[in-house]
Amino acid sequence: MTGFRRPSTVAEAVGLLAADAEARALAGGATLVAMMNADLVAPSALVSLAGIAALRRTETLPDGSVRLGAMRRHAENAVMDLAPGPDVVRRAAARIANPVVRNMGTIGGSVAFADPGADYPAALVAAGAAVEIAGPSGDRAVAAEDFFVDWYTTALGPGEIVTGVVLPPGGAGARSAYDKLVRVSGDFAIVSVAAVARLERGAVAGLRVAVGGCGPRPVRVAEAERALLGGGLDGPAAAALGAAIAEAADPPDDVRGSAAYRRRVIPGLVARALAACAAPLEHAA
Amino acid sequence: MSALAVGLTVNGRARAVLVDGRTTLLEALRENLGLTGAKRGCNQGVCGACTVLLDGRPVRGCLTLAAACEGAEVTTVEGLAPAGALNPVQQAIVEAGAVQCGFCTPGIVMSATALLRERPGASLEEVRQGLSGNLCRCSGYRGIVEAVHRAAAGAKATGGKA
Amino acid sequence: MRLEDSFTVRAPADKVWAALTDPATIGRCLPGIERIEATGADAYRAAIRVELGPIRTVFNVQVEIRDQAPPRRMTTVTRGEEGTRASVLSADSTVELDERPDGTTAVRYASEVAVVGRLGKFGLGVMRKKAEALGRTFADNFRAWVEQAAAA
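Residue numbers (the working numbering), protein chains in the order written: chain A, 7 to 291; chain B, 505 to 666; chain C, 27 to 178.
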């Protein structure tokens, strides 16, 4: 007999989860219910986050950062008005699954599950985002790069839930790109690439590139990114960045592709993402 | 041993079901309420055969927990038109003969109905995008997409009523 | 799936062999082992806890050493299940020890592993990654334990 609880505050939800190690937080259910259906998990109780208004709160902070509530659905994030730079998250959300699943899945649930083939993790790392967490010991925030720890493993401790995601402003001249290699529209990525670049008078003033689907966590090589500063988003330094990411990746061998195939396509996808950042800003989303 | 009582509106009628925390909406509709239009295909949210409307939005019945639907409004394929009638999407699919085994059809009708409410004059590409979460193993999709597109044009003409 | 790896232990082959066939040593070196015991001269039974994100389960396995040429080579057959046969596992392995002139021993293993049932169903490439990580941790623990015992 699986229980079902409907807390109305974050504190109540945290209390319920901390009190029962076999209870699980329920966000959109797109992943958790699928796993229950496949008999892979059997929670003692479900703690639904759907009734917690604070988890839907979305706001622009004084420094221009945008905070997205954890219970925002992919469908909402996919059409959200975000400035260039943080808009990489909108691009990623629009590629998740299909319109029906996007009506159910949430950014908090997706981030907490940390599927290596999901769309948000690489986008959040490229955006320099932070993940907000609430738990028995209080609230904290963790940089996205540090939040994704291992295969399906995050920095969340017992009783902790994701309460939101904070996207820093892109800055002047910011651009973003997101793409993923899939054989079936909406599938989990074979390889995904998220890029956020800042251009000043045509030269790279900032660059973050993260690759998903190729390891336990999004793959990023900061030293290789720095080599593009002051130059363009193409050329030998750009090619070296793609090669460095392919080298640093630890891709799986699975039904969607071999590790060797994933390594092989990384440089081409990175080059395309950089070229997309270099293209003029589109005027219709 | 089911112990959770859930009250929800299904196809305009107030209903009550007794479920377990892990009972899906799909199971509650089919087993508790006898509404077998929504189908159990993959039970993983991939195939779309279980698609229903929850508070007006298309969702996967197999990934929705019945216990999470307290107070919600659910529409299934049985509730799209009064008994004996067909809504414009259903009508267009019948006229096009865009059904083979029929297993995917209720899910497709639900996704398409939701799409047309959102985008009455949906283009072919928008129809394909809107139906991208519904798998059909029989037909190759073309007849379905063209039928829904015709219904979309009709919906635009009649001011968006699907 | 085929898993193979190798590692070197600074100890002679007969010591390495003895440790590899000692359930107590395996029990302290293999992460997740909850219970391990010999059930015969060349047979063992073990319960191994496995975690994959939110999935947590315990595999109950039986291991039989088939052909053996101590201290150089053995083949083992492993059969197991979890969740009351919700998944079924089988693994056929070969372990080879190669003592070098400097007294160190290279350990090479190759396993053909099949998992069917609820854990095998989703083509999880991550299962291979987890198995490889398990193998590496075992190698580190085993090497440390045997070298420390050999030095004593």
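Hints were generated in silico from the structure; no laboratory data involved. Take the hints with a grain of salt, since some may be wrong.
Claimed, not checked - For the chain A half of the interface with chain B, some residues (derived, Cβ under 7 Å), not all of them:
# : residue
1 : S14
2 : V16
3 : A17
4 : V39
5 : A40
6 : N43
7 : V47
8 : N104
9 : P105
All of these numbers come straight from a predicted model, not from anything done at the bench. Even glycine gets a Cβ: it sits at the ideal position worked out from N, Cα and C.
**Request:** Go through the hint on V39 (chain A) and say holds or violated, using the shortest Cβ distance to chain B against 7 Å.
**Result:** holds, 5 Å
**Prompt:** Would the stated hint for N43 (chain A) survive a check requiring a Cβ distance to chain B of less than 7 Å?
**Reply:** holds, 5 Å
**Prompt:** Close enough to count: is the Cβ of P105 (chain A) nearer than 7 Å to one in chain B?
**Reply:** holds, 6 Å
**Message:** Hint validation: A40 (chain A) versus chain B, beta carbon distance must be below 7 Å. Holds or violated?
**Reply:** At 5 Å from the nearest chain B Cβ, A40 (chain A) passes the 7 Å test, so the hint holds.
**Interface restraint verdict for V47 (chain A) against chain B (beta-carbon cut-off 7 Å)** = violated, 10 Å
**Prompt:** Hint check: is the beta carbon of V16 (chain A) less than 7 Å from a beta carbon of chain B?
**Reply:** violated, 18 Å
**Request:** Classify the hint on S14 (chain A) as holds or violated, based on whether any CB of chain B lies nearer than 7 Å to its CB.
**Result:** violated, 13 Å
**Asked** Would the hint on A17 (chain A) stand, with a C-beta cut-off of 7 Å toward chain B?
**Response** Violated, about 21 Å.
**Prompt:** Taking 7 Å as the limit, does the beta-carbon of N104 (chain A) come near enough to a beta-carbon in chain B?
**Reply:** Holds - the Cβ of N104 (chain A) comes within 7 Å of chain B, reaching about 3 Å at its closest.
Against the hints set out earlier in the document, violations occur for numbers 1, 2, 3, 7.
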